[in-house]
Amino acid sequence: MMKQNNTSGKAIKYDKTTTYLAGYIVSVFLTVAAYLIVTRHLGSRYFILAVISGLALFQFIVQVLFFLNLGREMRPRLKLLVFLGMLMIVIILVGGSLWIMSNLNYRMMQSKSAINNYMNQQSGNGF
Amino acid sequence: MTETDVLTRKDILKEERMQRDSTRIFGFWVYLMTDCVLFAGLFAVYAVLHNNTFGGPSAKSLFSLHLVLTETLILLTSSFICGLGIVAAHHHNKRLTIVAFLLTMMLGLAFVGLEFGDFYHLASIGDSWRRSAFLSAYFTLVGTHGLHICVGLLWMAVMMFRLLKGKLTQSNIRRLTMLGLFWHFLDVVWIFIFTIVYLMGAVRA
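So the protein sequences, as listed, match chains A and B. The numbering used here puts the first residue of the first sequence at 1, with every later residue one more than the last. The numbering used here puts the first residue of the second sequence at 1, with every later residue one more than the last.
Derived from the structure by calculation, the hints contain no laboratory data.
Sample of chain A residues at the chain B side, in silico, Cβ under 7 angstroms:
| id | residue |
| --- | --- |
| 1 | Thr17 |
| 2 | Thr31 |
| 3 | Ala34 |
| 4 | Tyr35 |
| 5 | Ile48 |
| 6 | Ile52 |
| 7 | Gln59 |
| 8 | Phe60 |
| 9 | Gln63 |
| 10 | Phe67 |
| 11 | Lys79 |
| 12 | Val82 |
| 13 | Met86 |
| 14 | Met101 |
List of simulated lysine-lysine pairs, DSBU-like, C-alpha gap at most 35 angstroms:
| id | chain 1 | residue 1 | chain 2 | residue 2 |
| --- | --- | --- | --- | --- |
| 15 | A | Lys16 | B | Lys10 |
| 16 | B | Lys167 | B | Lys94 |
| 17 | B | Lys10 | B | Lys94 |
| 18 | B | Lys167 | B | Lys10 |
| 19 | B | Lys14 | B | Lys165 |
| 20 | B | Lys165 | B | Lys94 |
| 21 | B | Lys14 | B | Lys94 |
| 22 | B | Lys14 | B | Lys167 |
| 23 | B | Lys165 | B | Lys10 |
| 24 | B | Lys94 | A | Lys16 |
| 25 | B | Lys167 | A | Lys16 |
| 26 | A | Lys16 | B | Lys14 |
| 27 | B | Lys165 | A | Lys16 |
Glycine included, C-beta positions come from ideal geometry on N, C-alpha and C.
Same shape as in the complex, but just chain A:
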């Protein structure tokens, strides 16, 4: 019974100053890089958006591994399991919200003439 509760077991022993230092340096580098790309307008709008999204994702992974120590966990990897469950919920929540709301925008927020046109058409159909 006790064995099953061993989620991070011996991994409690931290001896990883270098890990923190590496994570810190990489994070600072990524943050400043993203900042410079935006303030110096290096590239087109979509290019910049794509690059800073990539940098943020990369920094997310670096901090989860180096600061939150998710990679150094013993089997059974329950922390990882909960983390992946959280990621799934977050993706469904954020992606789903954006999808539904952009769909609504598309249907409701078109130009006034387009709406009038549509309504005329519908009333012509016996609406």
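Based on these hints, arrange chain B on the given structure of chain A.
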């Protein structure tokens, strides 16, 4: 003699305590993951409403990236020093632990000071959360993060009090480990606030 006889009673108790501590830390981890879902909800709200400025200012005209970069670097440094503090705690170096966490606290206070100063500035020029849906979403998202930071600072103050009064016991080390996880987690959330709210807000036409 069997193998269990070789282990002393003390060893067994210590092993049991380690098990219990790691279970508790796992429980705290589960809480952090649910907190992530809370932030995901607020991010979704912000992403949906960020264009609804109701004639008010947009993200591009409102935020100073310079200030935000400073805030980001302060928070990142505090997260790093907090990690060093946890390493020191696991090496049973009480003095170094206290120094590291005091530094973390000071940086955290600087962050909160800058952030709430910025909030105050926005509110005083009439761009508070009442101005537009965009600003409501902004203040809710960033304010919730700031509130978490404040709770973390309060927790740090309590831990510092415990350490200054008492010893660096096993239970104190466990609390510090949880506090460290909490602080790193807030830094992770800030990556996305920095990128999605501030940087992407500045890029948008």
